[in-house]
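A.B. asks: Generate the whole structure from the sequences, applying the supplied hints.
Sequence order for the protein chains is U and Z.
Sequential numbering of the first sequence, starting at 1, is according to the working numbering.
Sequential numbering of the second sequence, starting at 1, is according to the working numbering.
Calculated directly from the structure, the hints in this document are not laboratory data.
Errors might be hidden in some of the hints.
[What the hints assert, rightly or not] Beyond 10 Å from chain U on every Cβ pair, some chain Z residues (computed):
(1) Met46
(2) Trp59
(3) Lys135
(4) Ala251
(5) Arg256
(6) Pro295
[What the hints assert, rightly or not] No more than 25 Å apart at the CA atoms, straight line, and that leaves these computed lysine to any residue pairs for SDA-like:
(7) Z:Lys209 with U:Gly31
(8) Z:Lys208 with U:Trp29
(9) Z:Lys209 with U:Val257
(10) Z:Lys61 with Z:Gly210
(11) Z:Lys209 with U:Trp29
(12) Z:Lys209 with U:Phe144
(13) Z:Lys208 with U:Phe24
(14) U:Lys158 with Z:Glu307
(15) U:Lys217 with U:Tyr147
(16) Z:Lys209 with U:Val146
(17) Z:Lys208 with U:Asn28
(18) Z:Lys208 with U:Phe150
(19) Z:Lys208 with U:Pro45
(20) U:Lys53 with Z:Phe207
(21) U:Lys158 with Z:Val313
(22) Z:Lys135 with U:Phe150
(23) Z:Lys208 with U:Trp81
(24) Z:Lys209 with U:Leu26
(25) Z:Lys208 with U:Val257
(26) Z:Lys135 with U:Ala151
(27) Z:Lys208 with U:Leu26
(28) Z:Lys135 with U:Val146
(29) U:Lys158 with Z:Gln309
(30) Z:Lys209 with U:Phe25
(31) Z:Lys135 with U:Phe144
(32) Z:Lys61 with Z:Leu48
(33) Z:Lys208 with U:Arg52
(34) Z:Lys209 with U:Arg52
(35) Z:Lys135 with U:Phe157
(36) U:Lys158 with Z:Trp317
(37) Z:Lys135 with U:Asn240
(38) Z:Lys208 with U:Ser82
(39) Z:Lys208 with U:Arg274
(40) U:Lys89 with Z:Ile197
Virtual Cβ for every residue (Gly too), placed ideally from N, Cα, C.
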Amino acid sequence: MAAYVIRRLWQMIPTLAGVILLIFFLFNWVGGDPAQVLAGKISNPEQIANIRKQLGVDQPYWYQLWVFVQQVFTFDFGRSWSTNEEVSKILLTRVGPTLTIMVPVLVIETMLAVAFAIMVAYVRGSLTDRTIMVICTTAMSISFLVYIIFAQWLFGFKLGWFPVQGWSESFSRNLLTYAPLPVMLAIFVGLAPQLRLYRSFFLEEINQDYVRTARAKGLPEKQVMMKHVLRNALIPILTNIGIYLPGLFVGSFLLEVFFSIPGLGREIVTAVNRSDFPVIKAVTVYLAMLTMFINLLVDVMYKLVDPRVSFK
Amino acid sequence: MSAVLPKHIPVVREASPGLWALAWRRLRADRVGMVSLAVVVAFLAMMLASYAGLIAKDWNKERGVSYANPAFLAGAENLEAKEVTNKDFGTQAKPVDLSDIDPLAPRYKEWEERAAKIAVTEVKRAETLPFGGDKWGRDVLEKAIKGSEVSIFVGLTAALFATIIGTVLGALAGYWGGRVNDFLEWFYNIFTSIPYILLILAFAAVFKKGLDTIIVILALTGWTGIYRLVRAEYIKHCGREYVKAAQAIGASHFSRMFVHILPNASHVILVQLSQHVVQFIKAEVILSFLGLGVPVDMVSWGTMLAEAQNELVIGKWWQLVAAGASMAFLVTAFSMLTDSLRDALDPKLK
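C.D. replies: Shown next as structure tokens:
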């Protein structure tokens, strides 16, 4: 297993190099001259030259690339172009709120989706099953934006059950006062597609021979579903969660924008609007790295869940 | 024996139906699929009509009062509109006579005369509009139609480009294998290791805003899934006998890739295309909402939702419903059509 992990880590190097190249290409080449953006409308050539020198964009491209690589590995992306805050500090302070929202979402949503999916799959083909599937399809086609706008208006403004938006310094207050509405919204919206997907995973397992065998030897239905089917269906479910995990850190940027949650997602949207390249570059590189590690982690976890999987 | 049989048997050669004919037949039998197809075609027709200027040409005209009520809610009070119309600035306070110190005083008369020459036609603004008006009194229904034009156009074109990129790269990787495959897999790994939303936003940060940009962004970031599937199809088909036969009769690489194999992978590509249209319509709405999409002089479902956010608080719900419902309607129909298409093209899958 150690050999497997080492080989996988080794294979990450070209991909990471590619990510760095792609981001460099986007922001240092396609992105145009940042000095023009920063100097604003009223500027003279002298100012622009000055800013260019400060940012180092007057250097040749190979040197800029070298600086970028150094930045990636020293975790030092300098300062934000718009707020002059240190990029590393921005990122660290924004991760907390995002996770405060997204971790409860992931946990509750997964549990609900698995529970509902196994129930729906058990009564497959019935009216309940078909009704739930139609509701899911319809619910999925309404834009997330519509849900947020409506729920924020109804529960925040009209009924006043939750604050319309906001965030505080205290973790418990955030979790109990500000987080519930966005968390519930995210679960509500994410549940339908996950339910549909997990149902298909369960159906695949239910039709297998071993389930028939288990029933034939007289095991109670509960044991068949909970032990045989659930365990086997957990493998594709785990993959799906693995795909979902990196997105956890970007959070649902829409929720963060709507509810003024100072998380990573909102930070990225603001940075894009302000052309704040260092922040976007840093977030993109680190999340790409994180994604690669999570993928590795999921592959290793396969082994723990499914003894049949062997590391090649 | 030949003497027994009549000499000229009329040969009834019934051509065996091809893949597409069979798929069409199966789709025809699928009632849900046909209804969704009809809805999608209706939306496309609406989009073309709006593009050609037949309908919703005047969506930008301010024809109603501010936040005009929908026709079916004609009696409802409209405070916002009153606020604007009741503002009578001139009459309430008597202006103080400043003529002895006002340097412009001698010219007032001249200006008044000139102003009188210009005929001002007071446009009568409608109290109600068919489905209500927005802040500037524009017809929400017409806006939704015009918005569908932009949203569907972006979804279709971006999906088409993404499919072309994904298909060509997937064909190259699957057909050639080896180094080409390694290089393209590397490329694929780079794009998929960045979370999709982040990739879109990173691209949006460096490009200038505009309708063409948003199509480019979605196409450049959305090809990966199609690439993977097409590549798998090509790997599967490469060793098949018909491809070997094509090689034997001297078909070029290009011809084998795109004339022989491509039609056999086309059902996968078509379903992917259809799925991506839905995905990109949703993405466009979100990007436009964030102000990263269409420019301000255009309207899309996303910009309508952005306006609707503030309108809901003052009880003007119609813009939200118009944009949200038309989008939900199209997306539901398109998703169901995609499912039916997949079933029709791949009968084994069921």
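A.B. asks: All hints, please: hold or fail.
C.D. replies: Verification of the supplied hints:
The claim that Z:Met46 is not at the interface with chain U holds, since no C-beta of that chain comes within 10 Å of its own (minimum 18 Å). Its beta-carbon lying about 20 Å from the closest one in chain U, Z:Trp59 satisfies the requirement of being farther than 10 Å from that chain. The non-interface label for Z:Lys135 is consistent with chain U: the shortest C-beta to C-beta separation is roughly 16 Å, beyond 10 Å. Taking the minimum C-beta to C-beta distance to chain U, about 34 Å, the non-interface status of Z:Ala251 holds against the 10 Å cut.
No Cβ of chain U approaches the Cβ of Z:Arg256 within 10 Å, the least distance being about 30 Å, so the stated non-interface status holds. With a least CB separation of 15 Å from chain U, Z:Pro295 remains clear of the 10 Å interface cut-off, as annotated. For the hint pairing Z:Lys209 with U:Gly31, the CA-to-CA distance comes to about 12 Å; that is within 25 Å, so the pair holds. The hinted pair formed by Z:Lys208 and U:Trp29 meets the criterion: a straight-line CA distance of about 14 Å does not exceed 25 Å.
Only pairs whose Cα atoms come within 25 Å are accepted, and Z:Lys209 paired with U:Val257 is accepted, the gap being roughly 20 Å. With a C-alpha separation of about 22 Å, the suggested pair Z:Lys61 and Z:Gly210 falls inside the 25 Å cut-off, and the hint holds. Proposed proximity of Z:Lys209 and U:Trp29 is supported: the alpha carbons are some 17 Å apart, at most 25 Å. Of the pairs offered as hints, the one joining Z:Lys209 and U:Phe144 holds, with about 23 Å between alpha carbons and a cut-off of 25 Å not exceeded.
With a CA separation close to 18 Å, the supplied pair Z:Lys208 and U:Phe24 stays within the 25 Å bound. Restraint check: the Cα-Cα separation between U:Lys158 and Z:Glu307 comes to about 19 Å, which is no more than 25 Å; the hinted pair holds. At roughly 48 Å between alpha-carbon atoms, U:Lys217 and U:Tyr147 are farther apart than 25 Å, so this suggested pair is violated. Taken as a hint, the Z:Lys209 and U:Val146 pair is honoured in the structure, with Cα atoms around 24 Å apart against an allowance of 25 Å.
With a C-alpha separation of about 15 Å, the suggested pairing of Z:Lys208 with U:Asn28 holds against the 25 Å cut-off. A C-alpha spacing of about 31 Å is found between Z:Lys208 and U:Phe150, which places the hinted pair above 25 Å, so the restraint is violated. With a CA separation close to 22 Å, the supplied pair Z:Lys208 and U:Pro45 stays within the 25 Å bound. With a CA separation close to 23 Å, the supplied pair U:Lys53 and Z:Phe207 stays within the 25 Å bound.
The hinted pair formed by U:Lys158 and Z:Val313 meets the criterion: a straight-line CA distance of about 9 Å does not exceed 25 Å. The straight-line distance between the Cα atoms of Z:Lys135 and U:Phe150 is roughly 19 Å, inside the 25 Å bound, and the hint therefore holds. For the given pair, Z:Lys208 sits about 18 Å from U:Trp81 by alpha-carbon distance, which is consistent with the 25 Å threshold. For the hint pairing Z:Lys209 with U:Leu26, the CA-to-CA distance comes to about 15 Å; that is within 25 Å, so the pair holds.
Only pairs whose Cα atoms come within 25 Å are accepted, and Z:Lys208 paired with U:Val257 is accepted, the gap being roughly 22 Å. Between the alpha carbons of Z:Lys135 and U:Ala151 the distance comes to roughly 22 Å, so the proposed pair stays at or under 25 Å and holds. Proposed proximity of Z:Lys208 and U:Leu26 is supported: the alpha carbons are some 13 Å apart, at most 25 Å. Of the pairs offered as hints, the one joining Z:Lys135 and U:Val146 holds, with about 19 Å between alpha carbons and a cut-off of 25 Å not exceeded.
Distance hint between U:Lys158 and Z:Gln309 is fulfilled; the C-alpha atoms sit about 14 Å from each other, no more than 25 Å. For the suggested pair Z:Lys209 and U:Phe25, the alpha carbons sit about 19 Å apart, so the restraint of at most 25 Å is met. In summary, the hint linking Z:Lys135 to U:Phe144 is supported, as the alpha carbons are separated by about 23 Å, within the 25 Å threshold. Note on Z:Lys61 and Z:Leu48: the hinted pairing holds, with a Cα-Cα distance of about 20 Å set against a maximum of 25 Å.
A C-alpha spacing of about 20 Å is found between Z:Lys208 and U:Arg52, which places the hinted pair at or below 25 Å, so the restraint holds. Using a Cα cut-off of 25 Å, the hinted pair Z:Lys209 and U:Arg52 holds, with the two alpha carbons roughly 24 Å apart. Between the alpha carbons of Z:Lys135 and U:Phe157 the distance comes to roughly 21 Å, so the proposed pair stays at or under 25 Å and holds. Of the pairs offered as hints, the one joining U:Lys158 and Z:Trp317 holds, with about 13 Å between alpha carbons and a cut-off of 25 Å not exceeded.
The hinted pair formed by Z:Lys135 and U:Asn240 fails the criterion: a straight-line CA distance of about 44 Å is larger than 25 Å. A threshold of 25 Å between alpha carbons decides the hint, and for Z:Lys208 with U:Ser82 the separation of about 19 Å falls inside it, so the pair holds. Under the criterion of a C-alpha separation no larger than 25 Å, the hint pairing Z:Lys208 with U:Arg274 is consistent with the structure, at around 12 Å. Distance hint between U:Lys89 and Z:Ile197 is fulfilled; the C-alpha atoms sit about 23 Å from each other, no more than 25 Å.
When each numbered hint is compared with the structure, violations occur for hints 15, 18 and 37.
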